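Full structure from sequences and hints, please.
The chain contents come next:
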Amino acid sequence: MEARKVKMRGKIKNTVAQIKVLMEHPMETGTRRDEAGDVIPAHFIQEVICQHNDQVVLSVEWGTSISKNPYFAFKINDANPGDVVKVSWTDNLGETSAGDITLK
Amino acid sequence: MKISLGIMLTLVLTLGSICSVHADPESDRLAFVRFYTERFPNIDIQAHQDGAYALDAAKREQWLEMEEFPPYELAVDEGEALFALAFKNGNNYAGCFDNAGVGVKQQFPMFDAVSNQVVTLELAINQCRQANQEPELAYLSDEMAYITAYMAFTSRGNTFAISVPQAGVAAYEQGKQFFYERRGKLDFDCSSCHMTNAGNNLRAEVLSASVGHATHWPTYRFKWEQVGGLHKRFVECNEQVGAEGLAPQSEAYRNLEYFLTYMNNGMALNGPASRK
Amino acid sequence: MHKARLICVVGALMLTSACGQSEPEPESVDALPEATAAVVIDQARAAYELARQKQHAWTLTADLIESASIALANNDEAQALVDAKRALFTANASLAQAEKEQHAWRSRVAQ
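Protein chains in written order, with this note's numbering: chain A, 1 to 104; chain D, 1 to 276; chain F, 1 to 111.
Read the hints as simulated data drawn from the structure, not as lab findings. Treat the hints with care, since some could be wrong.
Said to hold, decoys possible - Below, a sample of chain D positions facing chain F; criterion: calculated Cβ distance under 10 Å: (1) F32; (2) N238; (3) A243.
All of these numbers come straight from a predicted model, not from anything done at the bench. Beta carbons are placed, not taken as given, at the ideal position from N, Cα and C, and that holds for glycine.
Right, here's the structure in full:
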């Protein structure tokens, strides 16, 4: 299966980069039922790792309260044009995906 | 011959209620727009394409921040891929629309005199599929939302110039009736919220103007966590006032969309949009 | 002269009665003191279906018909009757709304 999309935007302002991420993911809580009445199994992002030039600057643990197709924003200090920012995630079923941008 | 005043009055009133003078659509539209320019004299009529975000500065600021990285982007990407996909017989959607389906959303809805009905974009998409021996898409399906999101995206900036030919007048009038007809336990019609109370608060929300209601569809609603069409919103609105929603793309809703879009003639399209 | 006047009077009366033509008088809830829940549920359902045809049904009516039916299935005749009467009342109200709105909508059109 093709890896789920991770779209990113980044803008530097006074060496602080504002990073915005849109992750494609169903984020099923495991409590919803389908039309047949069966529980839709939980399927959600558990860990998100953000790297700035290969150095981990932020790691987040998520649970079922995060909505579908999560939108996530954070700031990075000491950011310069040419820096690479990468965001990768792992979900509870072992699926992974990642995205990256080069700051301008 | 002396006819009493009472009898004359009865005759005139009953005749008047049977055959009320039908204003033409253009007169209706001018009166419609005038309502809003008088209610909101400092807001340009085009600005109402942003709905409640044209009326509340704080909400607008938050919304503009979200628009920097809009939540409907994924839907537009999916739609672009789906639109390009060929049918089993080798044809594709581009063959069913003007300009290969790029920048054409402002043509809809249109009145088709041959089938004697209002044709919305969603209906046209399914007509295209049917003509190419493909199964129709469910009107509330993701696929329909994605394709219309993509087509709306390529049509941004184009303006509505809907026409009501003689054959379409009945459909237009039915749509107009629906707009102004009270429904549900709450006994509201569309104008109760979107004209009489436009700009006022309804619980935590600011009520938007109807002028600009047709420009930004389909819409990513945070409440829905997905992109949905105008008829999905019609169902929701009807149910919110305690009236049973009708089927998406049913005749009544298509006629309502026809009236509503005509009222938005001259406004620029700005879909897909995000809304709370 | 009298003939012309008579024609005008008759004409006016015919016009007014044509305009006033409406559905058969809706069942009054109070006129059925001995009705069982099952009977009232059926009446509510009939009125509800009529309202649906006119595209004026209320969600509340459907909910009340369902709760009445569930109460009846659980042998709670008293609760079923309460809900059934409410269902019939709201179904009739939605029909009255549909009837009134046939003409009343025009009064709200932006001028």
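Hints versus structure:
Hint status for F32(D) relative to chain F: holds, with the closest Cβ pair at about 5 Å, below 10 Å. Against a cut-off of 10 Å between C-beta atoms, the interface hint on N238(D) holds, since the closest Cβ of chain F lies about 9 Å away. Residue-level restraint check for A243(D) holds (minimum Cβ-Cβ distance to chain F is 6 Å; threshold 10 Å).
This entry satisfies every hint, going by the numbered hints stated previously.
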